[in-house]
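2 protein chains.
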Amino acid sequence: MDLTELRTANPEHWAKAAAIRALTLDAVAAANSGHSGMPMGMADVATVLFEKHLKFDASAPKWPDRDRFILSAGHGSMLIYSLLHLCGDAQVTLDQIKNFRQMGALTAGHPENFLLDAVETTTGPLGQGLANAVGFAMAEEMQRAQYGRKIVDHYTYVMAGDGCLMEGISQEAMGLAGRHSLGKLILFWDNNNITIDGTVELSDRTNQVQRFKASGWQVIEIDGHDPVAIDEAITAAKKSKKPSMIACKTHIALGHAAQDTSKGHGALTDADQMKAAKEAYGWTTGPFEVPADIKSQWEAIGSRGAADRAEWEGRFAEVSKQKQDRFNRAYALDTPNKLSAAVKALKKQVSEDQPKVATRKASEMALAVINPIMPETVGGSADLTGSNLTKTGDMGVFDTDNRKGRFVYWGIREHGMAAAMNGMALHGGIRPYSGTFFCFTDYARPSMRLAALSKIPSVFVMTHDSIGVGEDGPTHQPVEHLAICRATPNTYVFRPADAVETAESWEIALSAKETPSVLSLTRQGLPTVRTEHKLSNLTAKGAYVLADAEAKRQVILIATGSEVAIALEAKAKLEAEGIGTRVVSMPCMELFAAQDEAYRRKVLPAGPVRVGIEAAVRAGGWDKWLMGERGQDKKAAFVGMDSFGASAPAGELYEKFGITADATVAKVKDLLG
Amino acid sequence: MDLTELRTANPEHWAKAAAIRALTLDAVAAANSGHSGMPMGMADVATVLFEKHLKFDASAPKWPDRDRFILSAGHGSMLIYSLLHLCGDAQVTLDQIKNFRQMGALTAGHPENFLLDAVETTTGPLGQGLANAVGFAMAEEMQRAQYGRKIVDHYTYVMAGDGCLMEGISQEAMGLAGRHSLGKLILFWDNNNITIDGTVELSDRTNQVQRFKASGWQVIEIDGHDPVAIDEAITAAKKSKKPSMIACKTHIALGHAAQDTSKGHGALTDADQMKAAKEAYGWTTGPFEVPADIKSQWEAIGSRGAADRAEWEGRFAEVSKQKQDRFNRAYALDTPNKLSAAVKALKKQVSEDQPKVATRKASEMALAVINPIMPETVGGSADLTGSNLTKTGDMGVFDTDNRKGRFVYWGIREHGMAAAMNGMALHGGIRPYSGTFFCFTDYARPSMRLAALSKIPSVFVMTHDSIGVGEDGPTHQPVEHLAICRATPNTYVFRPADAVETAESWEIALSAKETPSVLSLTRQGLPTVRTEHKLSNLTAKGAYVLADAEAKRQVILIATGSEVAIALEAKAKLEAEGIGTRVVSMPCMELFAAQDEAYRRKVLPAGPVRVGIEAAVRAGGWDKWLMGERGQDKKAAFVGMDSFGASAPAGELYEKFGITADATVAKVKDLLG
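Sequence order for the protein chains is A and B.
Count the first sequence with full-length UniProt numbering and you get residues 1 to 673, in order.
Count the second sequence with full-length UniProt numbering and you get residues 1 to 673, in order.
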C-alpha cells in the first residue's frame with residue numbers, strides 16, 4: 001500500500017501516529033513475541049483521540065474525573081504502552097518499552113491494571129474490556145447524578161476488534177448500554193476484517209452496523225486512517241444520547257508487508273520488512289528512537305489535561321466537606337465507621353432471635369442494614385431479584401430517568417453483569433455486588449477470574465448453592481462450583497451457616513480492597529447455629545470451633561453452610577453414645593489458610609478423626625483440612641457429592657445422596673473402627 | 001383476557017392446545033413447583049408444529065431421520081412432557097406426568113436427554129438449547145452431504161424465550177447459523193415480553209427482529225396464538241435458504257389470572273385461579289384427565305410419522321452395506337476396527353523417533369492418523385487453528401459450498417463452539433472435537449458442564465495449558481483450569497506427557513460413549529518419555545510407573561504432562577545421591593481413580609514420601625494421590641502454582657515459580673528430613 005497520500009495529507013498527525021507504529025514494531029521485534037498489527041492499524045484513531053478529545057493528565061493517571069480509555073483488544077498492548085510512553089507517563093519509561101513482555105516489566109504481554117496506573121482494566125480475554133466499559137459508563141452516570149456535573153463528567157472510550165464483537169459477552173454489554181442509553185460510552189470498532197484464522201468472513205458475516213443499531217446504539221462509519229473523519233466522528237459521538245459505535249475501517253499492520261493479512265495480527269519481526277515499513281512511514285531514526293520534536297508534541301498532549309485537572313481540583317475543594325469525605329472514602333475503598341457497629345448490632349439481634357431463614361434471606365437482612373450506611377454499594381441481579389434477594393428498599397432502580405438508582409436489573413446476562421461489575425469497581429467510587437444462581441457462576445466465570453486476577457473487590461452473590469435447590473434438578477444444582485471458586489487464586493469463597501455468619505461474611509467482603517468475594521448462599525431455610533453473641537468476626541478467622549466435645553474428644557466434624565446444622569445433629573448423636581465430637585464451622589477456607597499455624601492447630605488438633613461435610617464435591621479444597629498438607633493427620637472421611645444432582649424435593653435429595661447426620665455418624669464409626 | 005374468539009375460531013386446534021395447558025397446570029400444581037406460563041403461552045405453536053410439520057414417530061423417538069425438536073427454554077419442560085404424553089410416547093406415561101419433578105421420575109424439573117429418549121438435549125441453562133440446535137443443524141447438513149437426501153433430510157426446530165436471546169451465547173449461535181446459511185434451522189421466539197423480574201423492557205430494549213436480520217436470518221413475525229399464521233410461518237421457514245426466526249407474539253400463562261405478568265412465569269398453583277383458567281379454556285374434565293377424543297387426535301399426530309419412517313427404512317435398506325455399516329457404527333459411537341492398530345503403529349513410531357514436540361503438535365500427529373479412518377470426526381478451532389493444531393489435511397472446510405467439509409472455523413466463539421459440538425454429538429453420527437486455549441475453557445464452561453451432565457462425548461482440545469504459554473501473561477496462563485475440569489463429574493481430563501500418551505489419550509477420548517474429554521496440551525516442546533514401545537494403552541490406567549527406583553525406593557514423584565520430564569530430571573539427581581525414586585506419570589486422574597485398589601496400591605505403595613508436580617494449583621485433585629483418601633499415606637508435598645502467572649519467557653517463569661527439578665529435589669529432602 002502506498003502511504004504517500006496519508007503521509008502528505010496530514011503530516012503532523014502522521015508523524016505522531018508513526019511513532020506508535022515504530023515503537024510497536026521495535027518492541028515486538030525485541031521481545032520476539034506480541035501483536036504488531038492492531039497498534040499499527042489503530043494508531044490514527046488513538047492519536048486523534050488522545051490529541052483532541054481524551055481528558056487525561058499523564059502526570060496523574062488516577063485523577064478521578066479523567067476520561068477512561070480501555071483497550072478491549074488487549075493483545076494490542078503496545079498501542080497503550082506506546083501512547084503512555086510518548087505522553088510522558090512516569091511508569092512507562094523507554095526501558096519498559098524495551099523490556100516489553102520480559103520478566104518483571106510493567107509492560108506485560110497484555111495490559112494489567114495492577115502493574116500500570118494508567119491501565120484502567122486488565123484485558124486480553126476478548127470482549128471483557130467492552131463489557132467492563134459498560135460498567136465504567138454506568139458508574140459515571142451514577143456518580144454524576146450523585147455528585148453533580150462539576151465533580152463527575154467524563155467519557156468512557158473503548159477499542160474493540162472483531163474478536164471482541166464475536167464473543168457473546170459483547171451482545172450482553174451492547175444490550176445493557178443500549179437499554180440504559182449510556183451516551184457517554186464511545187466504542188471504536190477496529191474493523192480490519194482479519195482474525196487469526198483468516199478473513200472475518202471465514203467465520204462471520206454479521207452486519208455489525210445493523211446489529212449495533214438493533215441494540216440501541218448510534219453508529220458512525222469512517223475511514224480509520226483519516227484523522228479529520230476520526231475527529232468529526234468523536235465529536236458527533238460525544239453529543240449522542242445513545243452509546244456510539246464508531247466503525248473504523250482500518251488496515252491491520254498498515255504499511256507492512258503483512259498488511260491486511262492474518263499474519264499481520266501477530267509478531268512482525270522480519271528485519272527487512274520492518275525496515276521497509278518504517279521507510280513507508282518516513283521514519284528514519286533507529287530502533288526505539290523518537291525524534292525530539294515528535295516526542296515533545298506527544299508530551300504536550302500528555303500534559304494537555306493538567307489544566308482541566310487543576311480546575312476540577314478547585315471545584316472539588318468547593319463542595320461540602322461531607323461530600324468530599326464520602327467521595328474520597330469510596331474511592332479509597334474504605335468502609336464507613338458505622339459499618340462495624342451496624343454488623344455487630346445485627347449479629348446480636350439474630351443470635352437472640354434465632355430465625356430459621358435461608359442464608360440468601362440472611363443476606364438480604366444484612367444488606368438492609370448495610371446499604372443505608374454505604375451509599376457506594378450498587379446491587380443487582382441477573383433476572384432473579386426475588387430469588388437472590390439482593391434488592392433492599394432504599395436503593396432505587398438505576399434507569400434512564402433515575403441515574404441515582406443503586407439497583408440494576410441486569411437481565412439474563414450473568415457474564416455481562418460480572419464484567420460490568422468489575423468495570424464499576426475499577427471506575428472507582430462504587431462497590432458492586434450482584435447475584436445469580438450459584439450454578440450460573442459458569443456463565444460469569446471468565447469475568448470472575450478477571451476480578452481475582454486484577455484485584456477487583458466485586459461481590460458475587462450466588463444463591464441456591466447445592467442440591468438444596470431441589471426440583472429444578474442437576475442443571476441448577478451446583479456440585480463443583482465451590483471447588484471452582486476455591487481453586488481460583490485471590491478469591492474469598494464464603495459459605496455461611498446462618499444469619500450471623502452471613503452478616504460477618506458481608507462485612508469482610510465489603511471491606512476487601514483487592515480480593516473479590518463469592519457468597520454461596522442457600523435456597524432453603526437453616527437454623528441459627530451462632531446462638532451466643534460474640535463481638536468479634538469469627539468468619540474472619542475462616543474456621544472456628546462452633547461446639548466443642550463434651551465427652552472425650554475423638555472426632556472433629558468440619559462443615560460449611562447448610563451442612564453445619566447436620567454436623568451439630570451428628571454431634572448430638574455421637575455424644576449420646578459417648579463419642580466426644582467437636583464441630584468446626586469453616587465459612588471461608590482461604591481465610592483459615594491465612595491464619596497462623598498455631599491457630600489452625602488449635603482448631604484442628606492432631607489426634608481425632610475428621611469428617612468433612614459439604615453438599616459438594618470433595619475436590620473443593622477439603623483434603624488439606626482433613627489430612628493436613630503434609631499428610632500428618634490420619635484418618636479422614638468426607639460426606640458430600642460425587643456426582644451431579646437430581647430433580648426431587650430438597651429433603652429427599654439429601655437422603656438420596658447420603659448427606660445426613662446418620663451418614664456422618666456411620667463414617668465416624670467406620671474411622672474409629 | 002377473553003379467549004372466546006380464539007376458542008371458536010379454531011375449535012379443534014384449540015382443544016388439542018388446551019390439553020397441553022391443562023396438563024401443565026395440573027402437573028405443576030401437583031409438584032407445587034415448576035413453570036406453568038411458558039407451556040401455556042407456547043401451546044399453540046407447539047400444537048401446530050407437531051400436528052402439521054414435525055417429522056417424528058412417537059413409537060421410535062430415536063429414528064435417525066426425524067426432525068429434531070429442542071426446547072431451549074427448558075424451564076417450560078411441561079410443554080415437552082405434555083406433548084410426549086399426548087402423542088403416546090412410551091416413556092411419558094400419565095404416572096410420569098403426575099410425578100413431575102419427583103424423585104426417580106423421568107419428568108425432571110428440566111428436560112434431561114439421559115432420562116427420556118425423545119428429549120434431544122438437556123436444557124435449562126438459558127441459551128444452550130439454541131446453540132445446541134446450531135450444532136444439530138450443522139450435523140444434518142454434513143450428513144445430508146455425505147449420505148444423500150434419501151437418508152438424511154430433516155429440520156431442526158428450537159423454541160427459545162427472551163432469556164435465551166439475552167444470553168451472549170445466543171449471538172454466537174446466531175452468527176454461526178447465519179454465516180453457514182443453515183436454512184433447515186427454525187427458531188420460534190416466545191415473544192411474551194416477560195422475564196422473572198418483570199417486563200423485558202426492565203433490562204432490554206433490543207430490536208430482536210433487526211438483530212436476527214443483521215446476523216443473516218430470515219424473520220417472520222406472527223401472532224403466536226393464531227394456528228393459521230403459525231402454519232404459514234413454518235411453511236415459509238422451511239423453504240428459506242437462511243435460518244429462520246419466527247417471532248411469535250404470545251401471552252405468557254394465557255388465560256390465567258397471572259397472564260402477561262412475571263408471576264405467570266413460575267408455578268401457578270392457586271386452585272381457584274386454575275379452575276377459572278380451565279373454564280376459560282372450555283376444559284371440563286378433572287385433573288390429569290384428557291377427553292378420549294382429544295387424546296386420540298394427539299395419538300394420531302404421534303403416529304403420523306410412522307409411514308415416513310417405514311419409507312426411510314426402505315430407502316436405507318437400499319444403500320450399500322458399507323454405507324449402512326458406517327452410518328450405524330457412527331450412530332452407535334463404535335470405533336472402527338482399524339483405530340486400535342493405527343494408534344499402536346503411531347505409538348511405536350514415536351517411541352522410536354522420540355521427537356521433541358509440544359503435545360499440541362503430538363495431537364495433530366495423532367489426528368492425522370485418526371481422521372482418515374474415522375470419517376465421523378468433525379474438528380474445529382475458535383480462531384486458533386494454527387495454534388491448536390486441530391486441522392488435518394484431509395478434512396476439508398465446512399462451508400456453504402462444501403457441506404462435506406469436516407473442519408469448522410468457529411470464529412472467536414468458544415461458548416457457541418462447545419454448545420454446537422454438543423449438539424452435533426447429540427444429533428448422532430458425528431464425533432466432534434475442537435480447540436481453544438486452555439484458559440478460555442472459562443468461556444466454554446457452561447457447555448462443557450452440560451456435556452458432562454448429559455453424557456456427551458465431545459472432545460475439548462485445550463492447548464497452551466500452563467505458564468508454559470510464556471509472554472502472553474496471566475490472562476492466558478491457566479492455573480486453576482485443571483482443577484475446574486477435574487472437579488466436574490463425568491469428565492476425563494487428559495494431560496499427556498509426550499506424543500505416546502497423547503495418542504493414547506485420543507484413542508480413549510474417541511472411544512468414550514458417555515463421557516466428554518478435555519485434552520490439556522502444551523504450547524512448548526517436550527521430550528519423548530515413553531521411549532519403550534508398549535502395545536497396551538497405559539494412559540487407560542490413568543497412572544503408571546514410568547521409571548522405577550534404582551536405589552532403595554524412598555520417593556515417589558507423581559507428575560503430569562510437561563512436568564513428567566521435570567520429574568525424570570529430579571529422579572536422576574536424587575538417584576545420583578543414592579535416593580531411590582520412582583516416577584509415576586498420571587495423565588488421567590479419573591481413570592486412575594477407576595482402577596481397583598490393588599493396582600492403585602501397586603503404583604503408589606505406602607512408605608515412600610510423595611511429591612506431586614504439576615504447573616497448576618494443588619487443588620486440582622492432588623491431595624487424594626499424595627496422601628490417600630483416608631490419610632493413611634504420610635509425608636507429601638507439591639511442586640506447582642499457588643498464584644496466577646506472569647508475563648515473561650516460559651523457561652524463566654518455570655524458574656520464577658519454582659517448578660524445577662531442583663525445587664523438587666529440595667522438597668523431597670525436606671520430607672525425608
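Hints were generated in silico from the structure; no laboratory data involved.
Heads up, some of the hints might be wrong.
DEER-style ranges, computed between Cβ atoms [as the list claims (entries may be wrong)]:
| hint | chain 1 | residue 1 | chain 2 | residue 2 | range |
| --- | --- | --- | --- | --- | --- |
| 1 | A | Ser-643 | B | Lys-321 | 38 to 46 Å |
| 2 | A | Asn-193 | B | Gln-322 | 37 to 45 Å |
| 3 | B | Glu-221 | A | Thr-531 | 54 to 62 Å |
| 4 | A | Phe-114 | B | Leu-672 | 55 to 63 Å |
| 5 | A | Ala-598 | B | Glu-550 | 48 to 56 Å |
Computed, partial: chain B to chain A, Cβ under 7 Å [stated by the list, open to error]:
| hint | residue |
| --- | --- |
| 6 | Met-103 |
| 7 | Leu-126 |
| 8 | Ile-169 |
| 9 | Gln-171 |
| 10 | Leu-202 |
| 11 | Asp-204 |
| 12 | Ser-240 |
| 13 | Asp-442 |
| 14 | Asp-472 |
| 15 | Pro-474 |
| 16 | Thr-475 |
| 17 | Gln-595 |
| 18 | Asp-596 |
| 19 | Glu-597 |
| 20 | Arg-601 |
| 21 | Ser-647 |
Note that beta-carbon positions come from the ideal geometry of N, C-alpha and C, so glycine has one too.
*Is the gap between the beta carbons of Glu-221 of chain B and Thr-531 of chain A within 54 to 62 Å?*
60 Å, holds
*Per the CB criterion, is Asp-596 of chain B less than 7 Å away from chain A?*
Violated. Min distance 18 Å.
*Look at the Cβ atoms of Ala-598 of chain A and Glu-550 of chain B and judge whether their distance stays inside 48 to 56 Å.*
42 Å, violated
_Holds or violated: the hint that Ser-647 of chain B contacts chain A, with Cβ atoms closer than 7 Å._
4 Å, holds
*Taking the least C-beta to C-beta distance, is Asp-442 of chain B closer than 7 Å to chain A?*
Holds - the Cβ of Asp-442 of chain B comes within 7 Å of chain A, reaching about 4 Å at its closest.
*asked:* A range of 55 to 63 Å was offered for this pair. Does it hold for the Cβ distance of Phe-114 of chain A and Leu-672 of chain B?
replied: 39 Å, violated
*Closest C-beta approach of Leu-202 of chain B to chain A relative to 7 Å, hint status*: Holds, because the Cβ-Cβ distance from Leu-202 of chain B to chain A comes to roughly 5 Å (cut-off 7 Å).
_Interface hint outcome for Met-103 of chain B [beta carbon to chain A under 7 Å]_ = 4 Å, holds
*Status of the Ile-169 of chain B interface restraint (C-beta, 7 Å, chain A)*: 5 Å, holds
*When the least beta-carbon distance from Asp-204 of chain B to chain A is tested against 7 Å, hint result*: 5 Å, holds
*Are Ser-240 of chain B and chain A close enough, Cβ to Cβ, to be under 7 Å, as the hint says?*
At 16 Å from the nearest chain A Cβ, Ser-240 of chain B fails the 7 Å test, so the hint is violated.
*Taking 7 Å as the limit, does the beta-carbon of Gln-171 of chain B come near enough to a beta-carbon in chain A?*
4 Å, holds
The structure does not agree with the numbered hints 4, 5, 12, 17, 18, 19 and 20 stated previously, though it agrees with the rest.
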